[in-house]
Amino acid sequence: MGGERDRLRDALASKTPLTWVLTGDSITHGLLHTRGERNYVDHLHELIRGDMGRVQDALINTAISGWRVTQLLKDFDRRVAHWHPNIVTLMIGTNDCSTTAKAGVVAPHEFAASVTEFVQRVRKIGAIPVLQTPPTIDIAHAPERARIAEFAQATRDVAAGQDVILIDQFARFTELGAGGVAHHLLNDPFHPGATGHAVLALEIARVLGLQAPPASDRVLPYLAQRVADAG
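Residues 7 to 237 in the working numbering are what the sequence shown spells out, letter by letter.
Wrong hints could be hidden among the right ones.
Result set (DSSO-like, lysine-lysine): computed pairs, CA atoms no more than 27 Å apart in a straight line [to be verified]: (1) K108 with K21; (2) K130 with K80; (3) K108 with K80.
Hints were generated in silico from the structure; no laboratory data involved.
Please build the complete structure, drawing on both the sequences and the hints.
Next comes the structure, spelled out in structure tokens:
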């Protein structure tokens with residue numbers, strides 16, 4: 007991972023335009039549950055292309071609500087390769103962990119194998135993979151997704167085994183929920199609301215080192231204050 011972290015740092019320090027593909031399921035798709043406000047991809051767009059002044063970068067959101075990682079693998083060319091990305095982020099697992107989906111029940115080790123394949127295919131096209139664990143879930147009101155922690159751990163295990171940059175959103179939501187459910191970050195049992203998306207964007211920026219010069223640093227302070235006020 008040191009090599010890819012170094013590549014990412016050098017790429018951000020360069021003026022060469024970057025193409026970012028952000029993919030996953032409904033959380034990254036970012037519709038409905040922010041109630042008309044920005045989702046985390048939108049915040050990153052303003053941070054990178056606005057505050058950071060990287061106006062020639064492109065941020066492409068190819069996530070689709072309801073999808074699992076196996077569907078992403080089948081549609082990899084359209085969802086990822088078609089865009090010739092430099093950086094690819096993946097947040098997945100919220101649907102994969104469901105025990106009631108028509109697609110059937112997936113074991114954590116099967117999920118991990120698919121995520122590993124995704125990482126390898128991203129690297130094969132020359133891009134830097136970035137894995138995100140999914141946020142926590144209000145399991146009492148979504149019992150069919152009670153295995154979410156196992157799938158978050160599977161993502162961590164893939165990141166460790168494949169030496170991939172990891173953004174542990176599950177751990178961050180757990181922290182902000184004081185070890186329990188961060189109800190104030192959710193719009194329903196498993197979709198973050200607008201404040202939850204602020205948390206997602208802040209954690210990505212922190213881990214990836216996305217920071218604007220002081221004179222143009224607007225997005226991150228705003229998001230941080232929003233999260234603080236909601237807590």
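CA of K130 to CA of K80, is that 27 Å or under?
Judged against 27 Å, a Cα distance of about 16 Å means the pair holds.
Does K108 pair with K21 here, judged by a C-alpha cut-off of 27 Å?
violated, 46 Å
Restraint check for K108 with K80, where alpha carbons must lie at most 27 Å apart:
Within the cut-off at roughly 17 Å; holds.
Against the hints set out earlier in the document, a violation occurs for number 1 only.
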